[in-house]
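S.K.: Order-wise, the sequence lines are chains A and B. Heads up: the first sequence runs through residues 1 to 411, numbered per my numbering. Heads up: the second sequence runs through residues 1 to 411, numbered per my numbering.
Calculated from the structure, these hints are not laboratory results. Be a bit skeptical, because a hint or two may be false.
Same chains, same names: a pair is fine if it fits in one copy or spans any two.
As the list claims (entries may be wrong) - Restricting the straight-line Cα-Cα distance to at most 30 Å, the calculated cross-link-like pairs of lysine-lysine (DSSO-like) are:
{"#": "1", "residue 1": "Lys73", "residue 2": "Lys326"}
{"#": "2", "residue 1": "Lys51", "residue 2": "Lys210"}
{"#": "3", "residue 1": "Lys40", "residue 2": "Lys51"}
{"#": "4", "residue 1": "Lys229", "residue 2": "Lys164"}
{"#": "5", "residue 1": "Lys387", "residue 2": "Lys377"}
So you can see what is in the structure, the chains are spelled out below.
Protein chains: 2
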Amino acid sequence: MFSFEIIAIDGNARAGRLITPHGIIETPSFVPVATQATVKSLSPRELRDIKAQVIIANTYHLHLRPGVDVIEKMGGLHGFMNWDDPLMTDSGGFQIFSHGAAKEHGVGKIASIFPEEQDRGGHLSSKKGRPLVTVDEEGVMFFSYLDGSQHRFTPERVVDIQKKLGADMILVLDECTSPFHDYEYTKMAMERTHRWAMRSLEAFHRISDKNQALFGIVQGGAFQDLREKSASFIAEQGFQGFAIGGSLGRSKHDMHTVLEWTTPLLPDDRPRHLLGIGEIDDVFEIVKRGIDLFDCVTPTRMARTGTLFARSADRFRIHISNERFKEDPCPIEKECNCYTCRNYSRAYLRHLFMAKELLGIHLATIHNLFFMESLMKQIRAAIIERKFEAFKDEWKVSSVALQAKTTMSLQ
Amino acid sequence: MFSFEIIAIDGNARAGRLITPHGIIETPSFVPVATQATVKSLSPRELRDIKAQVIIANTYHLHLRPGVDVIEKMGGLHGFMNWDDPLMTDSGGFQIFSHGAAKEHGVGKIASIFPEEQDRGGHLSSKKGRPLVTVDEEGVMFFSYLDGSQHRFTPERVVDIQKKLGADMILVLDECTSPFHDYEYTKMAMERTHRWAMRSLEAFHRISDKNQALFGIVQGGAFQDLREKSASFIAEQGFQGFAIGGSLGRSKHDMHTVLEWTTPLLPDDRPRHLLGIGEIDDVFEIVKRGIDLFDCVTPTRMARTGTLFARSADRFRIHISNERFKEDPCPIEKECNCYTCRNYSRAYLRHLFMAKELLGIHLATIHNLFFMESLMKQIRAAIIERKFEAFKDEWKVSSVALQAKTTMSLQ
């Protein structure tokens, strides 16, 4: 039911076709995030309109609400959310990190601020009140952020939950470390993540009906020998795809370096997913380093605050609430063919955001996702024509990437 | 550019066709409310999908934000909001009432609570702080609820603003009285509203390009002689349509009585619009009394709180957040053909509302408006077949209408 073929290679950038039981994904592809079984504010017909090929929902959030049994009874996640196309589920590893080490260290997947103190123990606590997360060999114990109830995730349980959710591609449970964890802790967590990976595969083979593919996750923080060791180990376990998890270092430059250590060690014939990264400048840098799939909340989250993608703007974004758009009759982007740009002026969009009208978020989300999908199509075409670097230069990305030192925000 | 023909009459209920420069409206018709140039959460393509024939925007709100000049520059309201079908604008009279007498009396268009004191003066103040509204012969002075800036509406100015907005059907400025205004005040305000009506017509004839129709508004509170006097007076002024404004009394029963005094005095060959009324049980009662058009925020507002129209439920509504829908695989309404009911379970909708996901509001709004449009189609067909009363009986409306004593909420 699954296959992946490389259509073209340009440098380390790859154009491919990933065939899944719910359809074909042309790679490299952006994966819009549907954390709670919905890509925020959009219905599936709008997702199809913007040519989204695959979306990713979240095991951790859906386990807590509405509960996996409810979703299973509704025909799995595809039926529940009325999405018939390819679908992934994240394992919940990153969310456990969010409520544990990330809170404690005040960081995301990439850090740009220095910590007041570093965590060296396996006990990841939140900054305030009782710890929300405890990691041990067996798995993870955590408290619900919704009602305080206690939950246990093990590698086997997470495979089982994802089996019930029924996405095409599922991910192993991993322990995401913080950029401020030291070498020893990162190594210990990586080795545990490797043991969890093997347990996940065993559980998967026990219950697999060939309609799902299990992706392994490479860890190892921003330490070269750990990343190489992790990539080599995970590469050998027979996963149908690979994901690269955080920590990815303390800057975007670190993230690029981590990818350069990692992707060459992964099998060429399997898809590679970068978890939780994807601003416009990132897209070029990660595709250049051999990434086929990536998901990120940035396009949808920015849309909700009126931050809209625009090719010629500083950092590829405009803030639509700005006074200068008050009487602007132009669409967000003249060249953009999305529903929003085909039908609405910046003046109208600004009005909707000023008036706090929900349609503003809706139209902004359509634009940002379409912009991303359209960029990915162009990047793919450039790879196929062996013109990826020239296309990247056209977008003048490099200077932007060097300036940007944003901390990735937590989901 | 405008014409109205009656296709069928059943009792006092009428089925008609209202032809406007932007298309035909088959009446009786519900008019979804687009206060700030958007029917909350929906794009025009979704409005077309649910078969909305006409929508109504608001002069008062659009004057304050983004300002009428901005909208005029964007091609008028049709261009600004990307709506090519029939469009109305309300005059702002009701919003001035909202910020004046309604606040002071703690009531809406229909009252069900007794007032602590009644207002007898022309000075309508809000309960707290400085008065927001002052009515005099010339017009209305009010302060913006957005930034405190001072504004003047006169009958002429309101026609001029609506000319710039460019809706197909526009309304005269009126003074909406409260159910707790006494006879003397209501009479005085009605007579002033009549003088304003004549000034509005004069201004309209001065600037009209035949692409707009001006509707007069009948006032007179819940006093029979005043309503009759107002209906007769407004009927004679040559308006292309008529609206019936509040106060409509202290109960739904009062509202029905007001309609019974009013509609027989209006010309048969012009459309009649009831302003701001339209719960499911109301629909039958007002159509029965000769209303052709009506607008109400109820369907969209209820949608935003997860209150969904359902034919067989108590008061024609269910609360989707209710625990009993947690694992309910059925659509909201089995017979409903809206996008939401064709694609989603109650369980999924409940999940979206519990998780505060915007798609929940979006799908709920689609359902409630489709339900209303679909009901109107069935009512129209019943009138044409001279089976209106039988159809009304099928819906078991009467008992509901007698029970309901809701105060209409303010926009």
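S.K.: Next step is simple, just say for each hint if it's right about the structure.
M.R.: Checked hints:
no., hint, in the structure
1, Lys73 to Lys326, "between (49 Å within a copy, 11 Å between copies)"
2, Lys51 to Lys210, "within (26 Å within a copy, 44 Å between copies)"
3, Lys40 to Lys51, "both (16 Å within a copy, 25 Å between copies)"
4, Lys229 to Lys164, "neither (32 Å within a copy, 69 Å between copies)"
5, Lys387 to Lys377, "within (13 Å within a copy, 57 Å between copies)"
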